[in-house]
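Take the sequence shown: its letters are residues 743 to 1091, numbered as in our numbering.
Mixed in with the good hints there might be a few duds.
[Unchecked claim] Okay, the calculated beta carbon distance ranges per label pair:
#: 1; residue 1: 934; residue 2: 971; range: 19 to 29 Å
#: 2; residue 1: 914; residue 2: 954; range: 40 to 50 Å
#: 3; residue 1: 936; residue 2: 787; range: 48 to 58 Å
#: 4; residue 1: 935; residue 2: 839; range: 18 to 28 Å
#: 5; residue 1: 784; residue 2: 869; range: 58 to 68 Å
#: 6; residue 1: 893; residue 2: 941; range: 35 to 45 Å
#: 7; residue 1: 965; residue 2: 787; range: 14 to 24 Å
None of these hints come from the bench; they were simulated from the model. Every residue gets a Cβ at the ideal spot worked out from N, C-alpha and C, and that includes glycine.
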Amino acid sequence: MIDFRYHLVSLISVFLALAVGIVLGAGPLRESLGAQLAGQVEQLRSEQDDLRAQADDLRTQNDHLSGFITEIGPDLVAGTLEQNDVVVISDHNSTRQSVQSLTGLLEHAGARSITRITLQPALWDPGSEQRRSEALDAVAGIAPVLLDRDLEESEQLPDLIISLLTQDASSEVTPELRSQVWQALMDNQLVAIDGQTPPRASAVLYAAAEPAQLTVGSDDDPTAADRAQQLLTVQTSLLTALAGSDTPAVLSVATPDNDGTVGILRSVRGDSAFTDLSTTDRLQASDGPVLAVLALIEQVRGGAGDYGTTADADARVPDLPEAAVIRDEMEDPPAEDATGGPSDAGGQE
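Kindly produce the complete structure, drawing on both the sequences and the hints.
Now the structure itself:
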């Protein structure tokens, strides 16, 4: 038989436990838990405020340092690149202001000549394959020795551009032939040259736009992926040729979000094949061109490194005597006044 007394005792125990829980929940236990939760929330809020204050302080110090570097940049680089023919390569008009700043700094550095070359979208546009093929055919008819037929067709044009810039003066390709090849590239809208036909470069600075600037809004997903891959191929091939040329070279990339994990900057900094090249980030910032020219000075003197403020940079600036004043400023940031701001606000952007 079923023992109803056993079940009755069980039911009474359950209801008694519920009653005790209700009493405790409505009384001291609830108050204790509520106080603990309130304390934890207040602690988290305080920690968040501290972190925000630290971030603001770091941002203020960085802005001050950026302004300081920008202000003294021309004096730092003065006379450091005399007797050098420098070529500045860019790939998008979003870097125009930075390229102008680079040109001004190179003039202060005493560069003998400064040539600006802009890579055109037809170099990597999925719809411009015929134009690229026609350019290669034209070059083959002018100076076939300049083409490396062991490379894929998508790699030959970037390699050709660097060959034109870095070949020895004793090369069998005469200045006249070199000029004709440049004209073939311009006729097919693959490059634009500001000024006369580029001479043999003694140093090259590649000013690269952020990847987002090089996208096309009307592309569907497959076309966008193809465009991005072809762009990366062009950039990588160009820098591979530079790395193999023994020509001092710097890649300077715009990184608006201080993110070095995308695009060509990530590829170069993460590949030992580019160890001899130097890189800088934050090209879009006011001090970005100064960092790039300092890195180029170090390259001309035989050094290399990755500079800027992204997580994978070696240091903010190269270890040059000219940059010692910047390192001193980094070690001794400006003191804050009573309002919480730097005592010398003149260096902020």
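Exercise. For the range 35 to 45 Å, tell me whether the beta carbons of residue 893 and residue 941 fit it or not.
Key: Distance hint for residue 893, residue 941 is violated at roughly 25 Å.
Self-check item: Distance restraint evaluation - residue 935, residue 839, Cβ atoms, bounds 18 to 28 Å
Solution: Roughly 20 Å apart at Cβ, these two residues keep to the hinted range, so it holds.
Quiz prompt | Assessment of proposed distance window 40 to 50 Å (beta carbons of residue 914, residue 954) | solution = Distance hint for residue 914, residue 954 holds at roughly 43 Å.
Practice problem: Take the C-beta atom of residue 936 and the C-beta atom of residue 787, compute their distance, and say whether it sits inside 48 to 58 Å. | Solution: Between residue 936 and residue 787, where Cβ atoms are some 55 Å apart, the hint holds.
Self-check item: Distance restraint evaluation - residue 965, residue 787, Cβ atoms, bounds 14 to 24 Å
Solution: violated, 48 Å
Self-check item: Whether the CB-CB distance between residue 934 and residue 971 falls inside 19 to 29 Å
Solution: holds, 23 Å
Quiz prompt | Assessment of proposed distance window 58 to 68 Å (beta carbons of residue 784, residue 869) | solution = holds, 60 Å
Hint check: violations occur at hints 6, 7; the rest are consistent with the structure.
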